[in-house]
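**Q** In case you want the letters, here they are:
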Amino acid sequence: METAQETLTAPAATETVNVSGSVALLEALIAEGTDTIFGYPGGAIMPIYDALYDYNDKLNHILVRHEQGGIHAGQGYARTSGKVGVVFATSGPGATNLVTGLADAQIDSTPLVCITGQVFAHLLGTDAFQETDVINITTPVTKWNYQVTDATEIPEVIAKAFYIARSGRPGPVLIDITKNAQIQLFDFPGYQPCNHIRSYRPKPIVRPQYIQQAAELINSAQKPFILFGQGVILGSAEQEFKAFVEKSGIPAAWTILGAGAIPSDHPQNVGMLGMHGNYGPNVLTNECDVLIAIGMRFDDRVTGRLDKYAKQAKVIHLDIDPAEIDKNVKSTVPVWGDCKETLPMLTAAIEQKQHTEWLAKFNDYTRQEVEAVIHNELNPATEEMTMGEVIKHLNELTNGDAVIVTDVGQHQMVACRYAKFNKTRSNVTSGGLGTMGFALPAAIGAKFGAQDREVVAIIGDGGFQMTLQELGTVMQSGIDVKIIILNNRFLGMVRQWQELFNQRRYSFVDIQSPDFVTLASAYGIPGKSIDSRDDLPSALSEMLNNKGSYLLEVIVTKENNVFPMVPQGCSVSEIRLK
Amino acid sequence: MENNHKTNHKVSPAGGDLEGASKKEFNITIYTENQIGLLSRIAIIFTRRKINIDSLNTSPSEIDSIHRFNIVINEYEEVVRKLTRQIEKQVEVLKAYYHTNEDVIWQELALYKVSTDVIAEKVSVERLLRENGARAVVIRKDYTVFETTGHREETDNLINILQPYGLIEFVRSARVAIIKDSEGFNSKLREFERLEPGEEVIENEYLNQGQKVFTM
Ligand SMILES: Cc1ncc(C[n+]2csc(CCOP(=O)(O)OP(=O)(O)O)c2C)c(N)n1
Ligand SMILES: [Mg+2]
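Top to bottom, those sequences are chains V and D. Heads up: the first sequence runs through residues 2 to 579, numbered per this note's numbering. Heads up: the second sequence runs through residues 5 to 220, numbered per this note's numbering.
To be clear, the hints were calculated from the coordinates, so they are not data collected in a lab. Here the structure is a predicted model, which is why all the values come from computation and not from measurement. Think of the CB as a built atom: it goes at the ideal place given N, C-alpha and C, for glycine as much as any other residue. Certain hints may be false.
Said to hold, decoys possible - Here are the simulated DSS-like pairs of lysine-lysine, each with C-alpha atoms no more than 30 Å apart in a straight line:
1) D/K28 <-> V/K309
2) V/K331 <-> D/K126
3) D/K27 <-> D/K184
Stated by the list, open to error - Chain V residues, not near chain D, derived (Cβ > 10 Å throughout):
4) A104
5) Q131
6) N146
7) S237
8) P323
9) Q355
Claimed, not checked - Not the full set, but computed from the structure, chain V residues with beta-carbon under 8 Å of chain D:
10) N137
11) T140
12) P141
13) K144
14) P194
15) I198
16) S200
17) Y201
18) K328
19) Y419
20) N423
For reference, chain V alone in the conformation it holds in the complex (with noise of 0.2 Å):
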């Protein structure tokens, strides 16, 4: 750590205390403001869960079933909070059982610092119990990573952790503690927060010519469209952004991890962009003459087929990730920078503009959609319930107000296009990375981020069945959280695919659940289970106005499949109504 030095810039404190490296590291986190840690103990981080003990009243800590959960939840803390999360567990199994959560957080670009014990020092590199090569094995899916070894690099090493988490574009940290560094006694000088490290740059420098050059561009646009991801929110740019589109006029459509940045119902949000997103804003993409992406990254979720993707539009790209600008999709005006600096400057920079044709484009696809899909999906002449309806009751009793955490699959999809959000970080899910058992663990999280907002969580069977331990650590904590299984007995969006795709070849998706009323009665949650319409409205409010957690499972129909989409290859143009 020889350039840590420059990293402080407070002057150095010059009374000192005599602590252990735990102790240093739990004052560390008080002083970034933690105040909720998600974790597992063991034996190597044993000494760091000592100091803990004495901590209690200064540092909630949640103690959850796997690391998994603990890190999923720490990214559901980190997405409704707006603040780094927290997770520690131990050596070897308890650090492996981070990697999915840390490859999620890496791709979604949420703020974590994970806390993994080591072995002793001396043993490093022996095959020692419960050693792994923490750091080796998690270099691809971490921000930043680091080995101590020694106490006296813990708060200088703690602060480049957090600023480098939350900075720029944010991602999970993982710091790795060997055990004698725990116990080791230093003088601790005091917390000192980072604030800059030489080799690295948080956010490059707007370029006041690229704005100009944006604002000519959509100032002479007959048809500009917006595309806008998480950037806005982790930016916390919502209020720039909502400016910028209102001034402009331009239709603004959303990646799932943008929902919310600004409301379900502004006028001028036209849906959601990708796969199984809303017909317009992706037929329309190839027919938009400017292309202004704000905070996305055009992943092949979005863009379908490359080559077929908005080649007649010029494309404005807004990112504070340098090297998310021409990966995907070349831009015609990169504007690098935060957006919460770059929005307001291109808004001050374009003309007030309404465009009413083109907006009523939108508005026609929508209409088709909505004869085609919609109408069908939340009022059903079925017998069985749909998801979307489920959704559909849901809106009417949140209001739009709730956070909505989802796992991966049929019913996320079908959660991220219904279901109203008319706040900013209302929207937790696994965008990047997908992964299954995201969502019962992150909704534990988002609570303890958002501890006045009501959380719902939308599970599939399938998904539930991989963090249910995590019911374990509801039932401990206290928390409430709603559940809601949308049960179709299937892995329904994988049966999708082989019923679109493999000829109907329904190989291995048959999955059979565990009765989950009974389950959850087991961690003394309430439930219920229902499989008929007229039972919808009262069972949610029941489940919405209970004191505390509770399960609902919904029987739907088996064979349900979310449209529109893109089939894998296509074209954003050639998405598909049925």
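Chain D with the ligands: place on chain V using the hints.
**A** For chain D with the ligands alone, kept in the frame of chain V given last:
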């Protein structure tokens, strides 16, 4: 979920349209902090995309405490540009550049072990060595080690020449390259150390299009 629709379109592993482009050798120069684990962090950027590293050298740079990587790959420029950005994104990387062979002065060092008897007997060998700019590093009764420095073709050439005379052992170093148009890193580093570095440091290719140096 796997692809059901095969496309024949030529797309680089790092994405992007490569129609019409061709691969060539690029020299990637990286200035980094001296940090354990950074080598692997950089290496996996290539391996993840199934790109072979032809040569990799790490050494101190002109600045104390700053390391310099020289990496050689054979790729499309589009791919190299994206790789360079991914490299520069790493927290402990100060700067990454890429250059074609024409933009750099480069050398590789090679050692050749041959039997001293053969050398002593065959005068022609000595002449060949001299013509190829090789020099003896060690001369022992049983073998002699020659060294030569140059471009790949030159060091390769000497292998071919020595092969008939019983080349016992051969090794070639990674490539080191000096950038022709670089003014070094000292002034850049001072900028990096400032809280608000000037534009020059966070330059990007769009602003440098007209210049001779490729830079991000
Ligand atoms: C950890 C993990 N394993 C496998 C998959 C592949 N996968 C994507 S969706 C899906 C089916 C999900 O089934 P379920 O949870 O019942 O949700 P549904 O699609 O039926 O709503 C599967 C297996 C995945 N996304 N994540
Ligand atoms: Mg299912």
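**Q** Does each hint hold? Answer for all of them.
**A** The hints, checked one at a time:
| no. | hint | result |
| --- | --- | --- |
| 1 | D/K28 <-> V/K309 | holds, 28 Å |
| 2 | V/K331 <-> D/K126 | violated, 61 Å |
| 3 | D/K27 <-> D/K184 | holds, 22 Å |
| 4 | A104 | holds, 12 Å |
| 5 | Q131 | holds, 21 Å |
| 6 | N146 | violated, 7 Å |
| 7 | S237 | holds, 21 Å |
| 8 | P323 | violated, 6 Å |
| 9 | Q355 | holds, 32 Å |
| 10 | N137 | holds, 6 Å |
| 11 | T140 | holds, 5 Å |
| 12 | P141 | holds, 5 Å |
| 13 | K144 | holds, 7 Å |
| 14 | P194 | violated, 14 Å |
| 15 | I198 | holds, 7 Å |
| 16 | S200 | holds, 5 Å |
| 17 | Y201 | holds, 5 Å |
| 18 | K328 | holds, 6 Å |
| 19 | Y419 | violated, 22 Å |
| 20 | N423 | violated, 32 Å |
In terms of the numbered hints stated before, the structure departs from hints 2, 6, 8, 14, 19, 20, listed from lowest to highest.
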